[in-house]
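Undergrad: Between the sequences and the hints, there should be enough to build the whole structure, so can you do that?
Those protein sequences? They're chains A and B, same order as listed. Residues 695 to 1141 in the working numbering are what the first sequence spells out, letter by letter. Residues 139 to 407 in the working numbering are what the second sequence spells out, letter by letter.
Rather than coming from a laboratory, the hints here were simulated on the basis of the structure. Since we're looking at a predicted model, the values are computed, not measured. Even glycine gets a Cβ: it sits at the ideal position worked out from N, Cα and C. A hint or two may mislead.
[Claimed, not checked] The following residues of chain B were derived to be distant from chain A, with all beta-carbon distances above 10 Å:
(1) A162
(2) T175
(3) P265
(4) K266
(5) L267
(6) R270
[Claimed, not checked] Derived Cβ-Cβ restraints for the label pairs, each shown as a range:
(7) B/V269 <-> A/E786: 25 to 33 Å
(8) B/W395 <-> A/R1133: 55 to 63 Å
(9) A/R779 <-> B/G263: 33 to 41 Å
(10) A/E1022 <-> B/A163: 27 to 35 Å
(11) A/N754 <-> B/G327: 47 to 55 Å
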Amino acid sequence: MTQAVAPYDTYLSDFRTFEDALPPGEPAWLRELRERAISRFAELGFPTARRGNEPWKYTNVAPIAEGRFAYSAATAPAVTPDEIRSGTVWDEGWHSLVFVNGRYSPALSTAAPASGARVASLAEAVRADGPLVRRHLAQHAGFQDSGFTALNTAFLSDGAFVHLPEGVELKTPVHLVFVSTSDAGPSVSYPRTLVVAGANSKAAVIESYIGLGAARYLTNAVTEIALEDGAQVDHYKLMLEGEDAFHVAGTRVDQGRDSTYFSLSYSMGALIGRNDLRVLLDGPGGSARLNGLYVTAGSQHLDNYINIDHAKPHCTSRLYYKGILDGESRAVFGGTVLVRPGAAKTDAYQEDKNLLLSEKAEVDSKPSLEIYADDVKCGHGATAGTVTEDAIFYMRSRGLDLEKASALLIQGFASEITDTVRIAPLRAYLERLTLAALRGFKYGLTP
Amino acid sequence: MAKVSPGGKNHSRPLLEVRNLHAAAGDAEILRGLDLTVNLGEVHAIMGPNGSGKSTFTNVLAGRPEYRVTEGEVRYEGEDLLALTPENRALAGIFLAFQYPVELPGVRSREFLKAALDAVHEHRGLPKLSVREFNKLVEQRVREVEMDADLMKRSVNEGFSGGEKKRNEILQMSVLDPKLALLDETDSGLDIDALRIVAEGVNRFRAPDKAIVIVTHYQRILNYITPDYVHVLLDGRIVRSGGREIALELEAKGYEWIKEAVESGRISV
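TA: So this is what it looks like as structure tokens:
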């Protein structure tokens, strides 16, 4: 059972301030949702890294609980387009929505191309598409067992909304950029995304999380993605937060019959980062491919916790995460492939590979399987290793110095994931970003 | 003192001079006083049974870190070779064709070779090849070693057959254009076609301004590449040097014969 860590009263009193400042005329269901969420948060608090709490065993959130990250309803400070572009990938051809401290910024966003899809701020969608939003919002990401999700839901007032009606195919990616500015002191934002992909629709959605301020901040994000029958969604999540930031993200994906979900999680920023991804394969013939790359250095801590729930037969899931760890950084890979009774012909494999560039870097990799059905094909694997001396010597014997040889090998390691990015400018961006990070690494190799 | 090959053909200084070389891996001493002189234009074959130190010798010359030189010296173009890092030896013109070429997952062959050639050109003060020039060069050299051009798009040596790996070594050699090629058991594990292709690559490389040292257990490859000198390596020392006839003698009589001859003092070392 998850135990509360005191103090989190700041969050409760901030909620009352937040609630009082909400615009009048909001639907009652939304207010009720928030009330239920804050009550649940008051019961749950934040999880602890204590023994027996398996999902949070390796990640201590006490700094978050004690951080007194303040919610500010004040107008967000001015952010320039150049600042956004320095923090993440940008393409004029994409449909980009920018959120500053969780609030939609029309000035920084680009106009929607005519596509048949609805891409809007969640605040606007609540007004214009009330019944549809109500049917999905907080219905995929429940908050009964997660203090973070409960808190995000309590502070829900804006975010991103993407709706693909049946059969609609988006030709250009939707890019959601969540910017945190934190110059005024420790602050928190609650980014929220809802993607509803109608039957046989198709789209690519990119989420970028970046930080511009100097102070520590917390991003507590929740993303819900519903894929109806036959829908195809490519989902990229770029965690590029400031180096002193805390980032906790819960992503919930519900898949219908014959739907296809591709996820690529790229994590580089944040002092403490946690990606909580749960995919529910809830219709026969669904397939999920989850790829990830995390690049950590210094005293970073990154935790990927991924659950794939095979609830129906004939579904396929493939999970492939890779980590490159330098300095004293620490990574955690956990989670489970659950095969429920009756989910016959499940085909699932999960693998986590790590490259440790420093003797002080550490990884806890614990993929696991829970199988309650017959006639399934499941497997998992985890490795952690260093760059091999043989490979380094081979490359040096061709005239490449130690640094260049190491860089090529590490890039090669990363390319297995970045090669799977299907959006060319994004792929090039992530390759550049990885290379730039590696230049700052100390490699931990002896000549 | 073992015989060494006669001094340079119109060259004042040998390309490679190895004097009393001792080297160890861990606590085990493998080379125990090896002497060898190689001049430009020459092809030397070093033959020896398993465990005689053949691979150790070529790897010590290339600078493999796990070997420790305990005594002796190696001069390359008159300079102290042992003071150089592996990459600086490569840049100075030494190329080791590996007995077991290493797989480099995710490192594409074409990019790897371009990076290596750029480093070599920079060292020699030559301009970098453009991508177009490089592709043209590689295309030609790939054809020469009868390699599947698609292999250049794949990760270095990953999933290559044994023969493809060895051909890739010869390809790298011909593109990087070193001065001294060290071939470490390049013939082992090759079928007759691959052996012919590899040997042809070595023969194309042979020139008055190059030198080649082939290390081998079997004399088979010497049917394709005619060495100027053949040396017999036994227990870390060269115990016999001469011409091609030594290889034939070894094939006829085996290594036991020469071991006994050394032990009984018929051959003085």
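Undergrad: Next, verify each hint and record whether it holds.
TA: Verification of the hints:
Residue-level check passed: B/A162 sits 17 Å from the nearest beta carbon of chain A, beyond 10 Å. Interface exclusion of B/T175 from chain A stands, the closest Cβ pair being 23 Å apart, more than 10 Å. Distance to chain A confirms B/P265 as a non-interface residue, since its nearest Cβ pair spans about 16 Å, more than 10 Å. Consistency note on B/K266: stated as away from chain A, and its beta-carbon is indeed over 10 Å from all of that chain's, at 13 Å minimum.
No beta-carbon of chain A comes within 10 Å of the beta-carbon of B/L267; the shortest separation is about 14 Å. Under the 10 Å C-beta cut-off, the non-interface status given to B/R270 relative to chain A holds; the minimum distance is some 21 Å. For B/V269 and A/E786, the hinted distance range of 25 to 33 Å is satisfied, since their beta carbons lie about 28 Å from each other. Distance hint check: the CB atoms of B/W395 and A/R1133 are about 58 Å apart, consistent with the given range 55 to 63 Å.
A/R779 and B/G263 have their C-beta atoms about 40 Å apart, which keeps the hinted 33 to 41 Å range intact. For the pair A/E1022 and B/A163, the supplied restraint of 27 to 35 Å holds, since their beta-carbon distance comes to about 33 Å. At roughly 53 Å, the beta carbons of A/N754 and B/G327 sit within the given window of 47 to 55 Å.
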